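Trainee: Each chain, written out:
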Amino acid sequence: EAGVTQSPTHLIKTRGQQATLRCSPISGHTSVYWYQQALGLGLQFLLWYDEGEERNRGNFPPRFSGRQFPNYSSELNVNALELEDSALYLCASSLETNTGKDTQYFGPGTRLTVL
Amino acid sequence: KNQVEQSPQSLIILEGKNCTLQCNYTVSPFSNLRWYKQDTGRGPVSLTIMTFSENTKSNGRYTATLDADTKQSSLHITASQLSDSASYICVVITSGGSYIPTFGRGTSLIVHP
Chain D
79 EAGVTQSPTH LIKTRGQQAT LRCSPISGHT SVYWYQQALG LGLQFLLWYD EGEERNRGNF
139 PPRFSGRQFP NYSSELNVNA LELEDSALYL CASSLETNTG KDTQYFGPGT RLTVL
Chain B
9 KNQVEQSPQS LIILEGKNCT LQCNYTVSPF SNLRWYKQDT GRGPVSLTIM TFSENTKSNG
69 RYTATLDADT KQSSLHITAS QLSDSASYIC VVITSGGSYI PTFGRGTSLI VHP
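Top line first, the protein sequences correspond to chains D and B.
Position one of the first sequence corresponds to residue 79 (our numbering), numbered consecutively onward.
Position one of the second sequence corresponds to residue 9 (our numbering), numbered consecutively onward.
Among the hints, erroneous ones may be present.
Below, a list of computed lysine-lysine pairs in the DSS-like style, where the Cα atoms sit at most 25 Å apart [said to hold, decoys possible]:
1) Lys65(B) x Lys79(B)
2) Lys25(B) x Lys179(D)
3) Lys65(B) x Lys25(B)
4) Lys79(B) x Lys9(B)
5) Lys91(D) x Lys9(B)
6) Lys65(B) x Lys179(D)
To list a few chain B residues with every Cβ distance to chain D over 10 Å, as calculated [what the hints assert, rightly or not]:
7) Ser39
8) Asn40
9) Thr59
10) Tyr107
Calculated from the structure, these hints are not laboratory results.
No experiment lies behind these values; they were computed from the predicted model shown.
Cβ coordinates follow ideal geometry from the N, Cα and C atoms, glycine included.
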């Protein structure tokens with residue numbers, strides 16, 4: 079069974095540009111989560127999508143947005159990139175049962191570098 | 009403010025030895041606590057998920073404990089192996105109808121031969 083996949087592996091952008099990151103969940107999983115892991119900081123929760131809807135978002139500005147497609151894949155968009163957006167962006171998927179206790183399976187991440 | 013504190017920040021042990029990592033939290037209301045292992049350059053892998061009523065949960069050589077009264081958790085690694093070298097992350101999930109995680113900064117474990 080294929081795991082969570084993310085693309086691209088690496089992305090280099092300049093300040094002010096937009097970045098689009100993509101995630102394909104494990105087959106059968108309806109929930110997708112996005113996280114940011116900046117160097118020296120812990121993981122931070124960005125967004126949670128389930129059944130095509132945004133269910134919750136973390137403490138990030140509106141220029142971080144995303145969507146989930148009918149096939150449950152997802153993309154994360156970051157507008158007006160800033161230097162501090164440089165980080166590893168991780169996607170995870172789970173079988174959402176409204177319990178908040180489902181195991182999440184993470185992808186390998188996209189390394190975003192903003193110059 | 010919800011917080012998760014992990015200790016030690018880093019740890020070096022010899023292969024075959026046991027070790028215990030600590031996680032203290034002030035998250036409320038509590039739903040569940042998770043331990044993840046993250047190898048360098050990889051995504052985290054779930055080790056255990058514990059709810060309020062669970063005191064101990066094992067996954068192979070990994071055993072997590074939870075004391076909901078003192079808001080403390082520990083992850084015990086038995087007979088360490090070189091492959092255990094990784095960052096171990098404690099996450100506490102807030103209840104209330106949605107998914108709200110609070111992450112610790114992680115403990116970096118290095119196992120030497």
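Trainee: Decide, hint by hint, whether the structure agrees.
Mentor: Cross-check of the supplied hints:
Distance check on the hinted pair: Lys65(B) and Lys79(B) sit about 16 Å apart at the alpha-carbon level, within 25 Å; holds. For the proposed pair Lys25(B) and Lys179(D), the alpha carbon gap of about 32 Å is over 25 Å, so the pair is violated. The hinted pair formed by Lys65(B) and Lys25(B) meets the criterion: a straight-line CA distance of about 20 Å does not exceed 25 Å. With a C-alpha separation of about 14 Å, the suggested pair Lys79(B) and Lys9(B) falls inside the 25 Å cut-off, and the hint holds.
Note on Lys91(D) and Lys9(B): the hinted pairing is violated, with a Cα-Cα distance of about 34 Å set against a maximum of 25 Å. Taking the CA atoms of Lys65(B) and Lys179(D), the gap is about 14 Å. The hint holds against a cut of 25 Å. The non-interface label for Ser39(B) is inconsistent with chain D: the shortest C-beta to C-beta separation is roughly 5 Å, within 10 Å. With a closest Cβ-Cβ approach of about 5 Å to chain D, Asn40(B) is found to fall inside the 10 Å limit, against its non-interface label.
The claim that Thr59(B) is not at the interface with chain D is violated, since a C-beta of that chain comes within 10 Å of its own (minimum 7 Å). Under the 10 Å C-beta cut-off, the non-interface status given to Tyr107(B) relative to chain D is violated; the minimum distance is some 5 Å.
In the structure shown, a violation is registered for the earlier hints numbered 2, 5, 7, 8, 9, 10, in ascending order.
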